[in-house]
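Engineer: Each chain, written out:
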Amino acid sequence: MREKVFGVLLATAAVLMMAAPLIAHHGAASFDTERELTLKGTVTEWIWANPHCFLKFDAKDDTGTVRNWVVESQNPTDMTVRGWRRTSFKVGDQVTVTLQPVKNGAPVGRIRKVVLANGETLGTTNPAPAAAPAQPAPPER
Amino acid sequence: MANRFRFAVIVAAALTLPAVSFAQNQPWNNPGRALNPNQQQVEAGPAPRRDLTGIWDAGGGGIGATGYPTSPLTPWGEEVSKTHKAGDGSRMVPLPEINDPLSTLGDPAGFPRLLLFELRPFQVVHTPNSVLMLYMFEKRWRVIWTDGRQLPKDPDPRWYGYSVGRWEDDTTLVVESVGMDERTWLDNSGNPHSDQMRVEERYHRVNQNTLELTVTIDDPKTYAKPWVPRNKLPLRLLPAGTDLMEMIPSASEAAAYRKAMAEPIK
Numbered sequence: 001m002r003e004k005v006f007g008v009l010l011a012t013a014a015v016l017m018m019a020a021p022l023i024a025h026h027g028a029a030s031f032d033t034e035r036e037l038t039l040k041g042t043v044t045e046w047i048w049a050n051p052h053c054f055l056k057f058d059a060k061d062d063t064g065t066v067r068n069w070v071v072e073s074q075n076p077t078d079m080t081v082r083g084w085r086r087t088s089f090k091v092g093d094q095v096t097v098t099l100q101p102v103k104n105g106a107p108v109g110r111i112r113k114v115v116l117a118n119g120e121t122l123g124t125t126n127p128a129p130a131a132a133p134a135q136p137a138p139p140e141r
Numbered sequence: 142m143a144n145r146f147r148f149a150v151i152v153a154a155a156l157t158l159p160a161v162s163f164a165q166n167q168p169w170n171n172p173g174r175a176l177n178p179n180q181q182q183v184e185a186g187p188a189p190r191r192d193l194t195g196i197w198d199a200g201g202g203g204i205g206a207t208g209y210p211t212s213p214l215t216p217w218g219e220e221v222s223k224t225h226k227a228g229d230g231s232r233m234v235p236l237p238e239i240n241d242p243l244s245t246l247g248d249p250a251g252f253p254r255l256l257l258f259e260l261r262p263f264q265v266v267h268t269p270n271s272v273l274m275l276y277m278f279e280k281r282w283r284v285i286w287t288d289g290r291q292l293p294k295d296p297d298p299r300w301y302g303y304s305v306g307r308w309e310d311d312t313t314l315v316v317e318s319v320g321m322d323e324r325t326w327l328d329n330s331g332n333p334h335s336d337q338m339r340v341e342e343r344y345h346r347v348n349q350n351t352l353e354l355t356v357t358i359d360d361p362k363t364y365a366k367p368w369v370p371r372n373k374l375p376l377r378l379l380p381a382g383t384d385l386m387e388m389i390p391s392a393s394e395a396a397a398y399r400k401a402m403a404e405p406i407k
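Respectively, the protein sequence lines represent chains V and H.
Quick note, in my numbering, the first sequence goes up one by one and the last residue is 141.
Quick note, in my numbering, the second sequence goes up one by one and the last residue is 407.
Hints listed in this document are in silico derivations from the structure and should not be mistaken for laboratory results.
Some hints here could point you the wrong way.
[As the list claims (entries may be wrong)] Distance condition first, Cα-Cα at most 27 Å in a straight line; then the derived DSSO-like pairs of lysine-lysine: (1) LYS407(H) x LYS113(V); (2) LYS60(V) x LYS400(H); (3) LYS103(V) x LYS223(H); (4) LYS400(H) x LYS280(H); (5) LYS40(V) x LYS400(H); (6) LYS407(H) x LYS103(V); (7) LYS407(H) x LYS56(V); (8) LYS226(H) x LYS407(H); (9) LYS400(H) x LYS113(V); (10) LYS400(H) x LYS90(V); (11) LYS373(H) x LYS280(H); (12) LYS407(H) x LYS40(V); (13) LYS103(V) x LYS226(H); (14) LYS400(H) x LYS103(V); (15) LYS60(V) x LYS103(V); (16) LYS90(V) x LYS40(V); (17) LYS400(H) x LYS56(V); (18) LYS60(V) x LYS407(H).
Full structure from sequences and hints, please.
Structural biologist: In structure tokens form, the structure reads like this:
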């Protein structure tokens, strides 16, 4: 019985750990957390690096002026879990970026999601639980 | 009955998750984070005797993005903490003002920040006279001497200090550390420490697959009394063949990030 109670506690603890915030390095102090923008643009650079990956793209503002945006994601380790890759973008790709801008109006923000030209969406939350193996899977060969 | 209860707890908890990550168990470049509730249900064998060998993963619980509540700061600790402009937690400032030596300069995280922020998977290796801990984050390692030597009396400061370990019982390794460099922060909220700090780590192997980590900070120059930032943090054993990604906060990448993201919003 004691072992089973412990099992429950262990499973609960594990689940709670997974629910912990996945942000790292810095919080939201610079960002306007009440706003989201969706912009269509052209990729000019994709930096796959710590502490945050960031995407640069050109997009027209309301006056038709092209601005070069810089928008960050999380680090490569966490973005890999979410399906992003070092090769997710190349210069010239057409993208639709949903972002949370900084407060001072500069073309800087953090990524909420990116829709690629082929319709694929890259998101910033982790995948939902899927059918998991009954025990740790051996490494693939 | 107990099984039903266990199942109900797991399902209820899983349904409340905003997001869950699973490792792909790739043969190369694995991001870790392999925890999932189904794996936790597997009946684990008993803990082996005096053996922590393996790759251990705290999942999201290892990140510690917002730092920790501490015991009250001393006047000296208060003065030092005012100079720390953190990216998150109680001292959070906008991006251009952050002066975290890890994220802005590429300085080492140091010890014990290595355990309190970005505790990503780490591997434990036993040798005849030491325990080695090899960390994914920063790709650092520590040597914990288990040959009976005493800690140094007046150590030169080190980023990662000096550590000795002893087995308190067959499943609990206790590590004591001194001599940590004052330039490092304790966590991501900029909690400070002095060169008088002693750190105790307790690694309790609950069973084959689970390890619990408790960290106690004892620094009378900085804090009114000892405090415990990590209390029985569960760590899960990853498959032995897991090849972890690099996760290195390099100085040049930190500079590139600040140029791109922080300078435009000054």
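Engineer: Could you tell me which of the numbered hints above are not met by this structure, giving the numbers in increasing order?
Structural biologist: Those not satisfied: there are none.
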